[in-house]
Amino acid sequence: MRVVIVGAGEVGYTVSGQMAKEGHDVTVIEWDPARAEKVENELDVMVIRGNGARPQVLEQAGVTKKSPVDLMIACTEKDEANLLSCWIGKRNGVQKAISRARNLEFTDSESWARELGIDIMISPERSVAREIEELLAVSSALRTVEIAGGRAGVYVFRMAEKAPLAGVSLKEFRKRHPDLVSIIVFVERGHTGFLPGGDTVLLPGDLCYAVSFRNQVWRLEDLFGARRRKPLRRVLLVGGGKVGFQVARRLEEHHKNVDIRLIDMNSEKCDRLSRELGRTVVLCGDAADKDLLNYEGVGSSDGFVTTTASDESNIVLGILGKSLGTSKSIAVVRRKAFMQMEKHLPVDALVNPHLSMASAIMQQVRFPRSRGQLSLLDNIGAEMIEGVIPQESAALGRTIMNLDLPQGIILALVERGKHIFVPWGDTELLAGDRVILFAASDRMSEALDILGV
Amino acid sequence: MRVRIVAKVLALIGGVVSFCMLWPMGWAYMDKTPDLVPLGIGMFSGFGISGILYLWGHKAKAPDLGPKEAFGVVTFSWILASIIGGLPFWLNGTVPTFTDGFFEAMSGFTTTGASVLTNIEANARGILFWRSLTHWLGGMGIIVLSLAILPFLGVGGMQLYKAEVPGPIPEKLTPRVQQTALFLWGVYMLLSLLETGALSLCGLDLFEALTHTFGTMATGGFSPLNGSVGQYNSAAVDWVIVVFMFLAGANFALHYMVLRGKPRMLLQDPEFRFYSVLVLGAILVIMAFTLAGGVYHDFTTALRYAAFQVVSIITTTGFVTADYELWPFCTQLILLWLMFVGGCAGSTGGGMKNVRVMVVLRQAKAEMMRLLHPRGVFPVRIGGKSLGNGIVASITAFFVLYMGLFILGTLLMSGLGLDVTTAIGSVAATLGNIGPGLGGVGPVHNYAAIPLVGKWILSGFMLLGRLEIYTVLLLLFPATWRR
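First to last, the sequence lines map onto chains A and B. Going by the numbering used here, the first residue of the first sequence is number 1, and it counts up by one from there. Going by the numbering used here, the first residue of the second sequence is number 454, and it counts up by one from there.
Certain hints may be false.
To be verified - Not close to chain A: a few residues of chain B, all C-beta gaps over 10 Å, as computed:
1. Phe500
2. Ile536
3. Phe551
4. Lys625
5. Gly639
6. Leu647
7. Cys655
8. Lys818
9. Met822
10. Ser839
11. Leu926
Claimed, not checked - Example chain B residues on the side facing chain A (calculated, C-beta under 10 Å, incomplete):
12. Leu825
13. His826
14. Pro827
15. Arg828
16. Gly829
17. Val830
18. Phe831
19. Pro832
20. Arg834
21. Gly837
22. Lys838
Don't read these hints as lab results, they were simulated from the structure. Glycine included, each C-beta is placed from N, C-alpha and C at the ideal position.
Taking the hints into account, I'd like the entire structure generated from these sequences.
Okay, here's the thing in structure tokens:
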């Protein structure tokens with residue numbers, strides 16, 4: 001596959017590396033000499049130096065009508081440049097164009113992407129803000145990934161010592177709670193992770209990935225022995241960038257009684273934020289100022305979210321917040337190396353805005369026919385994908401039991417019309433069903449073949 | 454300030470005002486009454502004065518008005534209009550002195566409605582029509598009228614527009630200021646037509662329907678009857694006037710939006726909502742007090758009189774159907790406060806305007822939040838949109854100036870020998886462009902008894918109130934006069 005990637009920032013670099021590793025022909029356009037050189041030295045890709053929003057530069061990178069490029073990904077820091085490169089690309093035969101949109105207006109409504117002729121427009125800031133909101137609302141969840149357009153999600157819980165589910169097999173779990181639409185799709189125990197079967201017994205200390213509905217998650221929290229959930233009352237946000245702003249806006253919209261306080265050091269930014277946000281109290285000050293944090297009630301807060309531009313500050317401030325008594329400290333971290341430190345940090349959750357961007361891009365490369373979102377649950381070696389069963393699928397008319405899905409593949413949810421349910425062995429798949437599939441990384445293509453997705 | 458340019462533009466506006474006297478002359482001609490002569494003399498002296506100003510100023514280069522000239526033009530054109538407009542009253546013998554004529558005309562143009570006439574009905578229809586017409590011209594503004602009909606004022610017209618249109622941030626409806634002026638007058642005329650029609654249906658003849666419409670839509674308050682609207686003693690007339698007074702007290706830009714098919718704009722507008730809630734609240738409280746105080750004995754009567762008085766006062770119209778001085782004292786105080794609030798920005802009403810009161814209240818809230826969160830940043834918001842610090846400061850200063858002028862005025866008037874209630878009432882009623890005040894200038898009295906100097910002072914306050922202080926006060930600064 002011929003791929004052109006515009007911009008070699010954090011996202012561009014990661015995606016280019018992954019693509020090259022999988023054997024695609026990757027051309028990277030980068031304007032900054034230092035970044036270009038880094039890519040050239042470290043990755044097996046071609047590098048074009050120049051502005052990726054200019055036709056000549058794109059032509060040089062091989063974007064021409066004569067030999068169409070299969071995929072173009074614009075992921076520079078500037079929306080205008082991304083939109084323009086994709087627009088030029090589409091008019092020069094690019095099959096699929098993916099644009100990063102940092103400004104949230106562009107992803108507020110889907111029509112913008114359509115009208116601009118861009119296939120997919122992704123805002124990493126928006127998805128990470130959504131994730132943070134979920135993590136705040138479901139206070140005991142360690143991570144969450146959105147599925148079925150936000151109606152359901154994957155929630156990660158750690159099994160407590162005396163939890164009702166501890167020592168219970170999954171079969172037993174489903175028998176005891178037939179009305180609970182939930183399925184456990186992955187279990188991390190010690191240093192290993194696996195996709196559980198019906199006989200798997202859950203143990204205290206297990207990290208369980210459960211698929212569930214937003215309005216039923218509280219029952220799962222109980223079953224995993226999480227502390228009694230109290231309604232969200234106060235949230236402190238540090239950093240008024242795009243992520244911080246979006247989290248504040250979402251909380252204002254969805255959680256009517258939450259007291260939201262946002263701290264930023266830059267007074268001009270504070271002025272702008274206070275004008276654009278509603279009831280959020282914008283504070284101009286240093287988030288490392290202990291007195292300020294104490295005065296603004298960090299000790300009695302239900303969430304402390306650090307969203308500044310620096311990963312290191314976010315981690316350190318997150319730890320500070322935790323030590324000052326917040327119930328849940330969440331840090332935004334962009335670098336992979338830091339994400340893997342999660343276990344060693346006294347922060348409750350790390351979230352990565354680049355993950356959703358990378359997942360969506362990788363889905364287009366690996367499973368170009370599947371629709372919907374793919375989520376890489378990054379460091380666990382399993383993948384989740386949403387796909388629609390087509391008319392000509394070989395799986396039609398057969399029960400799931402008869403599909404002979406190999407070990408390591410779980411059909412987690414089926415969305416049929418307005419109805420979403422966990423499939424049983426005797427469930428028959430119909431054309432048009434949207435399925436959410438969970439599989440070990442090496443089994444995903446096999447599973448997609450069986451379902452014909 | 455380049456005085457000649459000011460003179461040239463003034464001449465044009467003076468011409469427009471004088472020309473408008475043709476309409477009352479029509480009534481006088483039809484009635485064959487002797488007031489035709491003074492009106493005619495008034496019109497021709499108006500043309501004469503304008504002619505002299507034009508001769509003096511016409512050599513000035515094209516009228517590119519700067520902010521200084523704009524303030525000069527607006528203030529002086531209102532004074533000029535009142536001089537020209539007051540002449541017929543004096544010449545006709547309606548009022549004994551030129552001062553009274555000037556006072557009456559200023560009261561008309563500024564839509565105050567404070568009168569020195571004791572027996573109104575003794576006058577011929579021509580002169581009474583002119584008296585009401587001054588309201589209608591001044592309501593939407595003589596500058597806005599001139600902008601609408603004199604296209605060459607377009608250059609620098611925005612300066613004039615800003616200096617005359619009430620409210621802290623005058624909005625343009627269209628890119629061109631002349632078009633905006635035309636639309637505003639269009640909406641104004643449409644509402645006036647509707648009211649005239651409605652009043653005619655209630656049984657008023659064309660003359661009375663028109664004069665009352667002028668008084669209502671301009672939120673003026675002159676009535677050709679001695680007993681004001683109360684003389685009809687008709688619930689239908691009362692309610693028609695209440696509705697149109699209420700509309701005239703709202704922002705005409707909003708009415709324009711409603712006519713353009715966006716009625717939701719009206720309900721979403723924060724100032725309109727504040728205004729509606731304030732009116733409803735005041736009506737309910739006053740109803741409760743008057744019913745409890747035994748002034749009225751049934752619900753509908755109390756509602757009718759409370760609604761009329763409240764709307765008439767808050768919109769700064771000044772029609773009366775009941776002598777509120779006979780009501781419990783606290784209801785009079787509520788009315789006095791409403792005099793300060795006034796109408797909405799961009800309406801024909803006077804007072805401080807609802808939006809300014811809102812901003813000052815929000816500013817107070819923001820200050821309290823700042824005490825609670827010393828590091829917090831709290832913008833002052835109206836309808837979700839935050840106002841710049843400059844606007845908030847200017848509004849706070851306006852508030853202080855308004856109160857300062859009120860206190861100064863009360864001092865001056867009591868210095869002239871008026872009792873406290875009359876002094877307070879007369880200044881509040883003229884600065885807010887309401888008309889009837891309290892005590893000696895209350896709803897059943899008039900301003901005839903005020904000393905000569907007092908009438909000049911109060912005329913000044915009417916002008917200050919109509920042009921929202923800054924425009925007029927600026928002329929007292931020497932820097933304004935320097936080139």
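We went through each hint and held it up to the structure:
1. No Cβ of chain A comes within 10 Å of the Cβ of B:Phe500; the nearest lies about 52 Å off, and the non-interface call holds.
2. Separation of B:Ile536 from chain A is adequate, the least Cβ-Cβ distance of about 47 Å exceeding the 10 Å criterion.
3. Distance check for B:Phe551 against chain A: the nearest CB is about 53 Å away, which clears 10 Å, and the non-interface claim stands.
4. Non-interface call for B:Lys625 relative to chain A: holds, since the shortest CB-CB distance, roughly 23 Å, exceeds 10 Å.
5. With 10 Å as the threshold on Cβ separation, the claim that B:Gly639 sits away from chain A holds: the shortest Cβ distance comes to roughly 35 Å.
6. Every CB of chain A lies more than 10 Å from the CB of B:Leu647, the least distance being 39 Å, so the non-interface label holds.
7. The claim that B:Cys655 lies off the interface holds: its Cβ sits roughly 47 Å from the closest Cβ of chain A, which is beyond the 10 Å cut-off.
8. The non-interface label for B:Lys818 is consistent with chain A: the shortest C-beta to C-beta separation is roughly 12 Å, beyond 10 Å.
9. Non-interface status of B:Met822 relative to chain A is broken: a Cβ of that chain comes within 10 Å, the nearest being about 7 Å off.
10. The Cβ of B:Ser839 sits about 4 Å from the closest Cβ of chain A, inside the 10 Å cut-off, so the non-interface label is violated.
11. For B:Leu926, the requirement that its beta carbon stay farther than 10 Å from each beta carbon of chain A is met, with the minimum near 31 Å.
12. For B:Leu825, the interface hint holds, the least distance from its beta-carbon to any beta-carbon of chain A being 9 Å, beneath 10 Å.
13. Hint on B:His826 holds. Least Cβ distance to chain A is approximately 6 Å, under the 10 Å limit.
14. For B:Pro827, the shortest C-beta to C-beta distance to chain A is roughly 8 Å, which falls under 10 Å, so the interface hint holds.
15. Of the supplied interface hints, the one on B:Arg828 holds, with its beta-carbon coming within about 4 Å of a beta-carbon of chain A, less than 10 Å.
16. The interface hint given for B:Gly829 is met, as the beta carbon of that residue sits about 5 Å from the closest beta carbon of chain A, less than 10 Å.
17. The criterion of a C-beta within 10 Å of any C-beta in chain A is met by B:Val830, whose closest approach is roughly 4 Å, and the hint holds.
18. This hint holds: B:Phe831 has a C-beta 6 Å from the nearest C-beta of chain A, less than the 10 Å allowed.
19. With a least beta-carbon distance of about 5 Å to chain A, the hint placing B:Pro832 at the interface is held under the 10 Å criterion.
20. Hint on B:Arg834 holds. Least Cβ distance to chain A is approximately 8 Å, under the 10 Å limit.
21. With a cut of 10 Å, the hint placing B:Gly837 at the interface with chain A holds, because the nearest CB-to-CB distance is about 7 Å.
22. Given hint, B:Lys838 at the interface with chain A, holds; its Cβ is 8 Å from that chain's nearest Cβ, closer than 10 Å.
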